[in-house]
Amino acid sequence: MKIERFDLIIVGAGPSGLSAAIEAAKHGMRVVVFDENAKPGGQLFKQIHKFFGSKEHKAKIRGFHIGEQLLAEADSVGVKVELNATVVGLYQDREVVVRMGDEVHHFKGDAIIIATGAAENMVLFDGWNLPGVMGAGAAQTLMNLYGVKPGEKILMLGSGNVGLVVSFQLLQAGCDVVALVDAAPKIGGYGVHAAKVARTGVPFYLSHTIKKAEGTDHVTGVTIAEVDSHFQFIPGTDKHFDVDTICVAVGLSPMSQLLKMAGCKMEDNPKRGGQVPIIGEYGETSIPGIYAAGDVSGIEEASSAMIEGRMSGVVAAEYLGFMTAEEKAEKLDQLNQSLDALRQGMFAPKNRGKKITETEEGIPVSESLLHKGFVADDEIERYPGVTHRAGVHPVIECTQNIPCNPCQDACKKHCIRIGSEITSLPAVEPDSTCIDCGMCVASCPGQAIFLINEDDGAGNAEITLPYEFLPLPKVGDKGVALGRSGSPVCEAEVARVRSSKAFDGTNLLTIRVPAKYAMTARFFKTNAQQKEAAE
Amino acid sequence: MNELSNRSRDIGEFVPQPDDDMIVCRCEEVTKGEIRRAVHDGLWTIAEIRRYLRCGMGLCQGQTCAKLVKGIVARELHVSPALLEPATSRSPMRPVEMHVFADETEDTDL
Amino acid sequence: MAGRIAQHPILGVQSENKKIVTFRYDGKEMKGYEGEPIAAALKANGVMVHRYTMKQHKPRGIFCAIGRCTDCVMVVDGEPNVRTCMTPLVEGMDVRTQYGVSDKPFSEQ
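Those protein sequence lines, which keep their order, are chains G, B and W.
One point on numbering: in this note's numbering, the residue at position 357 of the first sequence is 357, and numbering is uninterrupted.
One point on numbering: in this note's numbering, the residue at position 26 of the second sequence is 26, and numbering is uninterrupted.
One point on numbering: in this note's numbering, the residue at position 37 of the third sequence is 37, and numbering is uninterrupted.
Think of the hints as simulated: they come from the structure by calculation, not from any bench.
Straight-line Cα separation of at most 20 Å, EDC-like style, residue types lysine to aspartate or glutamate; simulated pairs:
{"id": "1", "chain 1": "G", "residue 1": "Lys55", "chain 2": "G", "residue 2": "Asp340"}
{"id": "2", "chain 1": "W", "residue 1": "Lys58", "chain 2": "G", "residue 2": "Asp217"}
{"id": "3", "chain 1": "G", "residue 1": "Lys2", "chain 2": "B", "residue 2": "Glu104"}
{"id": "4", "chain 1": "G", "residue 1": "Lys211", "chain 2": "B", "residue 2": "Asp21"}
{"id": "5", "chain 1": "G", "residue 1": "Lys108", "chain 2": "G", "residue 2": "Glu318"}
{"id": "6", "chain 1": "W", "residue 1": "Lys55", "chain 2": "G", "residue 2": "Asp126"}
{"id": "7", "chain 1": "W", "residue 1": "Lys104", "chain 2": "W", "residue 2": "Glu29"}
{"id": "8", "chain 1": "G", "residue 1": "Lys265", "chain 2": "G", "residue 2": "Glu284"}
{"id": "9", "chain 1": "W", "residue 1": "Lys58", "chain 2": "B", "residue 2": "Glu34"}
{"id": "10", "chain 1": "W", "residue 1": "Lys58", "chain 2": "B", "residue 2": "Asp20"}
{"id": "11", "chain 1": "G", "residue 1": "Lys212", "chain 2": "B", "residue 2": "Glu29"}
Using the sequences and the hints, build the whole thing.
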């Protein structure tokens, strides 16, 4: 048996592992990254939505494009990524045992970064073992990596960001999402993610959970029922849906087993998602030279995982003498600022479990958004992005403080102001000139910006909305405008369709509706689509 | 002494529940009722229950059920799940056939 | 092919430049793309059940799709317990439903 030595061994080639490898390799370390999958990038290549954050966090870039950028950067600094390489053990003195093909290999790392990510949680219900019940991540893998529909008619359990984002992606893949269900009384994820699903007509059932998945050989239906505040079913509230697939998105747990095996001190920390290593500010575990980065050290977003990865790479580089303490301090200072910016707002880790009643601006939060998935028509006017004037102007239905500001940069005419705090709600500048370029609509990762001409002079309003579905409606198509709730509000006709490389896959659909629906019509379906949905 | 080491504590009788035959460990097909019964048989740690019932010892090594088992045991013991020590983590972390595990190659240079 | 996303609004035509291969599922000829996981090819062909469990003989299918849960294992080219969500499809592969750890139905075991 032979042991090959590396300066740094990283387990997991996802966003944090690759980021760590890049920092370490840049400073001259001999690094190898092991990943059990056939392709690197972790979950990034399944993320087809535009990311939140600001420019430095690669906001408004789609996850899989961020993955491509990360791989190119890793390649350019000479990071070696070993794929189909499963780390099966982490032993004393940082010895790593890896299965590659039909052989077992031994390696020694002077530093080790564990970036193994997370696994999906599950809940128990009658029939949860039936084929057709799967993790939301599994559905995402099938449709976004392999181009296969997870099912035709699908029920989603879980209203956190994963449940919301995957529901939207299922719609994009051409699946029918019959309901979005959560046992909690409030939607867990970003309001904008919920709103873009709700306005397509997907009903939300909060304070509901699955009673039974039906079928003998595979799922053929599902029964949900309402639960009380102790999560007990309320008799007489059963609702049945014919479905072939049930997706479960009830949170993630860190995959920290390797760290536990190595003897790192662990703790059960519900705020970080379960069993996590006890770590220092930059991922230092209780064992010198072993670090944890990304979801394995606490569930967050891919954007923060990338920064944590860079931090652990920097710390490992200094630990092994590839960087001076001064260089390290300077690097970490920059990275800290970037990470801090992401960890602000209503959904910040520090606010988990807290009941937030008003925004940073002192505006009451939308109760309808929290309980039904959409901002009510009588709530929307109170937000600073919603203003009125003659001619085309942006209407920004962004109502929660989340770290995100691409809209501010997207508008070359400076119509949109967020300011230095990237969690502030975007406001429309009163004296600015909107040129109807559509860049703000396409830039918003939450698809919450509309361009509206409230009155075209002929008694109609024109509403430009982001549209990421196929088939793309054509000018002159007639159909119905749906409200924020997904219910039809009036007849509508497609006035304009814009697609551009600069919009990065987001099409801009302009619909014409009677002027009185200018502030309520927010989605479009052709008559044929609406008829199909009604059946 | 804490709530877990205090064996004089009365956790009550085993009371059958309607969902006792629900599978919790998908690999080894261990039911909720079996896990609850094991607690009342006196097995109060995850490691003991794992050896007793094999839940978490199948192909997937508890990837899916570890958290579920912990929750069921904690509820039966009337303690917070955070108090329960998870089962030991050991190699191999993923299923590896014995012939592969035994194949220690000489030539490792990457 | 049925079950495939012909054209995706963001990802375009995902099957572009992929080679079609033929494999057998329980003796039946099926088509899939070379190199995609066996599980993806089966899903696209409408197969839901990958195996029946040892004790209770209950059906199981794709559950995690990333090689963790091992619920999608089948007998592939004579070898049982192969994770179909992680194993690339190749021309001529023989994929069979797994009963316990065998490719023979329980009544024949």
